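From first to last, the protein sequence lines stand for chains A and B. Read in order, the letters of the first sequence are residues 1 to 449 in our numbering. Read in order, the letters of the second sequence are residues 1 to 449 in our numbering.
Just to be clear, a hint being listed does not mean it is correct.
Partial chain A-side listing against chain B, Cβ under 10 Å, derived [claimed, not checked]:
1) HIS13
2) SER34
3) THR106
4) ARG119
5) ALA257
6) PRO260
7) TRP423
Some chain B residues well away from chain A (every beta-carbon gap over 10 Å; in silico) [stated by the list, open to error]:
8) ALA89
9) ARG178
10) GLU331
11) GLY336
These aren't lab readings, by the way, just hints derived from the structure by calculation. These numbers come from a predicted model, not from an experiment. Every residue, glycine too, gets a C-beta built ideally from N, C-alpha and C.
So the chains spell out like this:
There are 2 protein chains.
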Amino acid sequence: MIQPRTLKGFRDHLPAQALVRERVLDVARRVYRSYGFAPIDTPALEYLEILTGKGSEETDKQLYRFTDHGGREVGMRFDLTVPFARFAAQHVNELGLPFKRYHMATVWRGENTQRGRYREFMQCDFDAIGTTSPVADLEMVLVVHDLLVAIGIERFKVRVNDRRVLAGVLGRLGLAERATGVLRSLDKLGKATAEAVAAELEGQGVAGPAVATLLEMVALAGPADEVLGRLHDMAGDGPGTAGVESLRGIVAGAAAAGVPVGRVVVDPGIARGLDYYTGIVLESFLDDLPGLGSICSGGRYDDLAGLYTKQPLPGVGASLGIDRLLAGLEELGRGGGPETPADVFLAYFGPAHLADYLKIAAALRRAGLAVEFFPEARKLGQQLKLASKRGFPAALVIGGDEFQAGTAQLKNMASQDSTIIAWHGDADALAAAVRVALGRPGSPARTSG
Amino acid sequence: MIQPRTLKGFRDHLPAQALVRERVLDVARRVYRSYGFAPIDTPALEYLEILTGKGSEETDKQLYRFTDHGGREVGMRFDLTVPFARFAAQHVNELGLPFKRYHMATVWRGENTQRGRYREFMQCDFDAIGTTSPVADLEMVLVVHDLLVAIGIERFKVRVNDRRVLAGVLGRLGLAERATGVLRSLDKLGKATAEAVAAELEGQGVAGPAVATLLEMVALAGPADEVLGRLHDMAGDGPGTAGVESLRGIVAGAAAAGVPVGRVVVDPGIARGLDYYTGIVLESFLDDLPGLGSICSGGRYDDLAGLYTKQPLPGVGASLGIDRLLAGLEELGRGGGPETPADVFLAYFGPAHLADYLKIAAALRRAGLAVEFFPEARKLGQQLKLASKRGFPAALVIGGDEFQAGTAQLKNMASQDSTIIAWHGDADALAAAVRVALGRPGSPARTSG
């Protein structure tokens, strides 16, 4: 006998979890599409040189790699950005530019699992490449906003900043050369105290007054106009001004698109650790779970695929951290749900009325309801116990007596209340009555194809 | 510079393909759910011993396997059945029985690619375990039927048989001991001629009259009643009779559930090569592409997870071969489609009216339409050329003059006809008019969450 078990850092998704995940993926797909992002897919396995080309020590170390049957060195993708860069370089002529894609797929990293991280997880990326338009930047913010609203989250903030503003301020402080280290330290705020970050900056040789300015900058808060005015003073002319103006456009554009005031916040404390961002950077947080971290993050980059093509591909993109979001929904008590996707549990009393049950199940499905016709003629109590455990909203009970009387018992599994429906052998009439009882009036939602 | 390329046997999915695939997956998910099958997911990587436990020489040879960072021998899943067996053994107490699941995911096999096979492909399995009920068998047939109809295929057959019938006939011919070899030979019919199969059977030592009976059996065709009557004569009493009765129930049940007569066909020629089927077996074929092979196949097995648990888990399952189906749709001229998921291309004439464009795009999305607002203020002809190449149904053109006049031009990209819409600055009125022009009257389909 072989012990059934999963590898460390890997996990199964049972129906209750899988249903919540499918719902969120479905919402993400709908929102991405509503902005014209098109789906793509790439292989899980790539030539090793494609994946290690970026030369990040951390990802290289975490890479699942091996030699395949043909002696090729291959690796499993660790994110969706590197495969997209390879994809874009390979297909740019077919695709045309600008090109907007989404990609929702699994990635693998042999990470240390002690921090509650998984070695297999999903990413949901969306990017617009081949454009430097401010419209593309703005759309990132709008997509993140619409996505969180569509998932049913009301209390959240999309926090935006611009790397050029940071560069402008650092330039005026004479810290342009040390930008990477300084930004990395500033990025720790929130996790570390201001004092600790100040000490770290001073340890890098940043002078006291400059440290004070930097800490003032990242702490700026309040109405966007005021924050942007102060940032303009701090960043001076040049790229810093362009960054401030860009942020002004984001705030105004979000308002024009109908985003409620206060949902999009200019936050000079958002730096994003990654070196390759060059313009807008954004993160998003749930008001009720500030410690969860950013749910959806991204920014503008100068060139996606410089390793694979000479054609410059500037772009802007972001990624929904779906596993983090699902953990957040669970923490908010909104992760639990039924173990079944079906609306109705149809109890079974045996083969005498099998044809009738089949007709009823077919009529319910025609009416747009998902129905599980229980295959075993167990005792009714046992059937209903399983239906209850699995979270069916309703159970339809039609035994021999009911068939004779032309009635059916519809049991609300939450309240345990029963309704008697008279259907007189007309399965479609029964299905229509069940729809109404489940609060689904109107025409069935089900469409073919 | 690193050459951007994919591994042999692996491929990218560009938007046009990815959109068709997403549509089919969506339909499959909806149909599976309408019967109460619940989603699950399992890791791409499993302990090697889990995957090699079945001991099939072919799959073992094709397995992508390696040693991970922790020194564990691991492999990438080559199907969804073995991981499901491991999953079921591990979680059966949590899940309860019977348990119905679907699993749509990628699998990997280091196959010979010369036959046009890919080394990475998707499977869409659905199984009901923990039940021997004929209802569960019947539902396989109904799901396959509903699935093909929902995808938009009208001309197809679901072909069913029962392994017990085959066993009964073989028993009466004294060939019970040689069943595996005989079934394997019979399974070649369709690809090979009757003469070739007869020669192969005789080569196995099957006597001439028995070969004739076997060939008569697999060629039986016509009304189900007649085929079943003749099969009953050939199979005799015992398990053969049970198989015939079971098939009778399938035919009657499908009719009761509303499946048109002739769509479900009893075909004694369906054997399915795999040894583990013990009851119903089914395949399905497109009438217009008989050479494509079966699109959706499966059957009943005695025990899913005997390698991992002592608890017997009988079940019945089938799998949609989505890559084969997509190839078939393409061959039927129904694979091509737009490269964009969006309904409307919104042309851009520059920042002067940016806020207006954003309001219009937001109103279109509120009205349930997907809209790509083009981020670059290129010449209109260039914008429309890209919109046409990408297959947008419609383009909305609103330049300075139109804004002044309170009008908009809606261009049907297929006919190149334009309609003028008067909207007088009311973006929601414009969106409603666009919906109607696109043939989407009624309330918007978009619902939150």
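Results of checking the hints against the structure:
no.	hint	in the structure
1	HIS13	holds (4 Å)
2	SER34	holds (5 Å)
3	THR106	holds (6 Å)
4	ARG119	holds (8 Å)
5	ALA257	holds (4 Å)
6	PRO260	violated (12 Å)
7	TRP423	violated (17 Å)
8	ALA89	violated (4 Å)
9	ARG178	holds (31 Å)
10	GLU331	holds (18 Å)
11	GLY336	holds (14 Å)
Hints 6, 7 and 8 from the earlier list are contradicted by this structure; the remaining hints agree with it.
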